[in-house]
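Colleague: Put chain B on the given structure of chain A with help from the hints.
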Amino acid sequence: GAVVSQHPSWVICKSGTSVKIECRSLDFQATTMFWYRQFPKQSLMLMATSNEGSKATYEQGVEKDKFLINHASLTLSTLTVTSAHPEDSSFYICSARLGPHSTSGAGYTFGSGTRLTVV
Amino acid sequence: AQKITQTQPGMFVQEKEAVTLDCTYDTSDQSYGLFWYKQPSSGEMIFLIYQGSYDEQNATEGRYSLNFQKARKSANLVISASQLGDSAMYFCAMREPYSGNTPLVFGKGTRLSVIA
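These protein sequences, in sequence, are chains A and B. My numbering applies: residue 573 is where the first sequence begins, and numbers increase by one. My numbering applies: residue 828 is where the second sequence begins, and numbers increase by one.
Bear in mind the hints are in silico, worked out from the structure with no lab data behind them. One thing to keep in mind: the hints can contain errors.
[Stated by the list, open to error] In silico SDA-like links for lysine to any residue, alpha-carbon gap of 20 Å or less:
1) K592/A with G573/A
2) K830/B with Q857/B
3) K613/A with G870/B
4) K843/B with T887/B
5) K613/A with A915/B
6) K613/A with K843/B
7) K830/B with Q614/A
8) K592/A with G870/B
9) K935/B with G633/A
10) K592/A with K613/A
11) K613/A with K897/B
12) K627/A with Q614/A
13) K613/A with Y881/B
14) K935/B with K638/A
15) K897/B with T834/B
16) K830/B with M617/A
17) K897/B with T847/B
18) K613/A with S914/B
19) K613/A with Q829/B
20) K613/A with F839/B
Everything numeric in this text was worked out from a predicted model, so none of it was measured.
Bound conformation, chain A alone (with noise of 0.2 Å):
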């Protein structure tokens, strides 16, 4: 239980162009989703915290006009990289916060990555 499906796994665009990632929490609502960035060899940063319904929170040094976050149910959650460039090159990953009554995870569950390469 509590699976989060991330679409795409992969994905090469071209400078200038949008990308969209989606996260899907498949057998529970996930009211709370984070959203993670990876750059290779390093760990993962929190770029910002989305509650369904409400604008999404941004860490420090994060473009909320860039990195457009949309959790507009309980079940779908999704990052939209604009006008993307080489540098926004990374692995992201988004995280949903379980319910208190949930085991699985500790309470916590991750989607399985989106690879984004911008050339």
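Modeller: Only chain B this time, still in chain A's reference frame:
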């Protein structure tokens, strides 16, 4: 200041041997949670083990155990009887405070290589 410190960028271990991956943390909260994840080359985050700050006993999950030393603020992962499939990146993470919708904060990770 770094919340989670993993001082070992890389570790090697012989197959069937035990290995300890170090993790120290920094928090002023009394209530927090500590996690370990395995990340293979595919990128997925595989949950291994969890320790709550109020848990008196060290957590164990199969071949994984967490050596929790609260006074020293350390939460080392011990993998017993290493297998070739254990080769991966390992991340220590923390959630503080214990309740609420707070994100996990990750350390820089340790790359474990198991040698046949």
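Colleague: Now look at each hint and say whether the structure bears it out.
Modeller: So, going through the hints one by one against the coordinates:
1. K592/A with G573/A: 25 Å, violated
2. K830/B with Q857/B: Distance of about 14 Å is within 20 Å: holds.
3. K613/A with G870/B: Holds - the C-alpha atoms of G870/B and K613/A are around 11 Å apart, at most 20 Å.
4. K843/B with T887/B: 18 Å, holds
5. K613/A with A915/B: 11 Å, holds
6. K613/A with K843/B: 26 Å, violated
7. K830/B with Q614/A: 15 Å, holds
8. K592/A with G870/B: 19 Å, holds
9. K935/B with G633/A: 19 Å, holds
10. K592/A with K613/A: 24 Å, violated
11. K613/A with K897/B: 29 Å, violated
12. K627/A with Q614/A: 28 Å, violated
13. K613/A with Y881/B: Given pair K613/A, Y881/B is violated - Cα atoms ~33 Å apart, limit 20 Å.
14. K935/B with K638/A: Given pair K935/B, K638/A is violated - Cα atoms ~25 Å apart, limit 20 Å.
15. K897/B with T834/B: Status holds; Cα separation ~18 Å.
16. K830/B with M617/A: Given that 20 Å is the threshold and the Cα spacing comes to 12 Å, the pair holds.
17. K897/B with T847/B: 17 Å, holds
18. K613/A with S914/B: At roughly 15 Å apart (the allowed maximum being 20 Å), S914/B and K613/A satisfy the hint.
19. K613/A with Q829/B: 18 Å, holds
20. K613/A with F839/B: 17 Å, holds
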